[in-house]
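S.K.: So you can see what is in the structure, the chains are spelled out below.
Protein chains: 2
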Amino acid sequence: MNDETVLLAHGSGGKMMKRIIDEVFFSAYAGDVLRRADDAASLPIPPEGARVALSTDTFVVNPHFFPGADIGRLAICGTVNDVATSGADVKYLSCGFVLEEGYSIDELRRVCASMAEAAREAGVEIVTGDTKVVNRGHGDGVYINTAGVGFLPAGRDLSAVHIKPGDKIVLSGSIGDHGIAVISSREGLSFSTTVQSDAAPLNHLIAAVVEAAPDVRCFRDPTRGGLASTLNEFAEACGAEMHVNEADVVVHPQVMGACEMLGYDVFQVANEGKMVCVVPPQEADAALAAMRGSRYGEEAAIIGEVRAGKPRAYLHTPFGSTRILDMLVGEQLPRIC
Amino acid sequence: MNDETVLLAHGSGGKMMKRIIDEVFFSAYAGDVLRRADDAASLPIPPEGARVALSTDTFVVNPHFFPGADIGRLAICGTVNDVATSGADVKYLSCGFVLEEGYSIDELRRVCASMAEAAREAGVEIVTGDTKVVNRGHGDGVYINTAGVGFLPAGRDLSAVHIKPGDKIVLSGSIGDHGIAVISSREGLSFSTTVQSDAAPLNHLIAAVVEAAPDVRCFRDPTRGGLASTLNEFAEACGAEMHVNEADVVVHPQVMGACEMLGYDVFQVANEGKMVCVVPPQEADAALAAMRGSRYGEEAAIIGEVRAGKPRAYLHTPFGSTRILDMLVGEQLPRIC
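Those sequence lines, one after another, are chains A and B. Here the first sequence is numbered in the working numbering, starting from 12 and rising by one per residue. Here the second sequence is numbered in the working numbering, starting from 12 and rising by one per residue.
The set of hints was computed from the structure by calculation and includes no laboratory data. Fair warning: there could be bad hints in the mix.
Claimed, not checked - With a Cα cut of at most 27 Å, we get these calculated DSS-like pairs of lysine-lysine:
no., chain 1, residue 1, chain 2, residue 2
1, B, K26, A, K29
2, B, K175, A, K321
3, A, K26, B, K26
4, B, K175, B, K321
Claimed, not checked - Anything over 10 Å on all C-beta distances counts as not near chain A; from chain B, calculated:
no., residue
5, A95
6, D117
7, R131
Each residue gets a CB set at the ideal place from its N, CA and C atoms; glycine is no exception.
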């Protein structure tokens, strides 16, 4: 394609839209289903598929490229992870672009290449899509919505409502990396070591935990609102107390330094490649071992437990004190996903 | 909710995001599945479901409200219609919002109410969602992505590749209404009669046609690029000629007048409540009767036929001449969906 920037006509439904679809999107990641270009993709249900899992996420991160990832990788990983938390085998993605008139086609190609790579790694297929173009000065170059479809085998019903007192809380690795990577990149902050986003597809990690700990209660990825939001959501859903030992939660030194400098609570900072799961105590070690054996779970740890009580989350500090781990109230880090 | 406009914190993942979700989105259209607020919705596959149909569309129409419809109604109908074209029973929608900081909560409620009404009419359920907020001056108040899931009974395989010479082309009603309604509203054009958008869910109309004409080849809704794009896509897919009689295509007089005034080819103007189907000749009358018996098909007509030849679309005028019905090349009416 000779066009160097996005034109309004690329969203017209006419020949130019066909061209950007063929030469940018299809050439980056189309398989047989997407290439059919039907209005709806027709997808087989696997023999063991008893239910469909559906999730969606729109990505408006600013800037589009930052250490460790970019908006394309996020757009795949974020939705893959949301679908995978249900215990589903994630299979298919839809993809809706909002492009700004004048956006660089070269940059769009880089975003699509990153999507293609993340989709390959996750083992998912982009099967249907849509392209809209908004006038120059609106949007922000590119926004990407993805919706994901997975299949749940019969009897699999993971949900925070199943959490019980005595259960253990397992976290797949360090917290705060993604939010700090994006904000550092945006604000031009530099640290002695660059903080890398942790954005990663965690569907294989989840599958390994489900196999090793078949009574696992639920998974959730602590994205916007951070680990604090996830734990509060768990507490609300099951009506019990979540207790976390601060010493068991991995925070990389440069992330901790950035949080101190910027006045952020690292427990409220977003992650894009971490998973929290709650398991019955007798399966905690198996779940931990499964995480640690997975590509993105080397730093996994059992970080706490569930106790009977009012729905609240508590953090036990290394100094013996306890504080309430509250949900974020205002806005801390806008546009980080 | 006391907030009068969208705040960045409404996209934070924290308490304020929970509030806008509960008090605006859930109160407008949440059923049991959405209220569970799991990261992924878990949905039953019906016994006859042999395949899953998936489609997505993002809506960036400007203005948000225009005669006959609004961005909320479009966001439901557009995706319902895309999924329904496959012959699937449309069941579930995901919904991703991109909100602009400062956008009116009252207007957002009106958009959500319109979505709820269109979803009820279509008989579909919004089961999962996402909310992002972008800074003031970016976006345009609200963009909405919906992805739709439907189920295809075993053996149903509708596709333009099945079109054969001799087949008839059936159109469910007048063309050009939606595009002209939006552009008139945006440009402040007024005609003696207001042109109303035709935005409508057509899944029930399609189901009626499939029942009456079981050998129907395919459906497509002529949205961006208009009827001309749809016919050219059909021609490409089946490798044959599409012939349409202009006299059989209904165009409302005020739409024709607007097209003449603005220099638009009505065959390239978008529709949001029309369906084209191709049927074998022996089922054409049954398909037509089924459309005419449906709420949105009173003006349905057999508008042409398929002939062997090179993939092209032709329009036969009432004066006996024939012209090639080409796809739109540039951009005619940006932001009409």
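S.K.: If a hint holds in the structure, say so; if it does not, say that too.
M.R.: Right, here's what the structure says about each hint:
1. For the hint linking B:K26 to A:K29, the alpha-carbon distance of about 42 Å lies beyond 27 Å, and the restraint is violated.
2. Distance restraint check for B:K175 and A:K321: the Cα-Cα separation of roughly 67 Å exceeds the 27 Å cut-off, and the hinted pair is therefore not satisfied.
3. The hinted pair formed by A:K26 and B:K26 fails the criterion: a straight-line CA distance of about 46 Å is larger than 27 Å.
4. Between B:K175 and B:K321, the direct Cα distance comes to roughly 13 Å. Compliance with the 27 Å bound is thereby established for this hinted pair.
5. Its closest Cβ contact with chain A, about 8 Å, brings B:A95 to no more than 10 Å, contrary to its assignment away from the interface.
6. With a least beta-carbon separation of about 21 Å from chain A, B:D117 lies farther than 10 Å from that chain, consistent with its non-interface assignment.
7. The Cβ of B:R131 lies farther than 10 Å from every Cβ of chain A, with a closest approach of about 19 Å, so its non-interface assignment holds.
When each numbered hint is compared with the structure, violations occur for hints 1, 2, 3 and 5.
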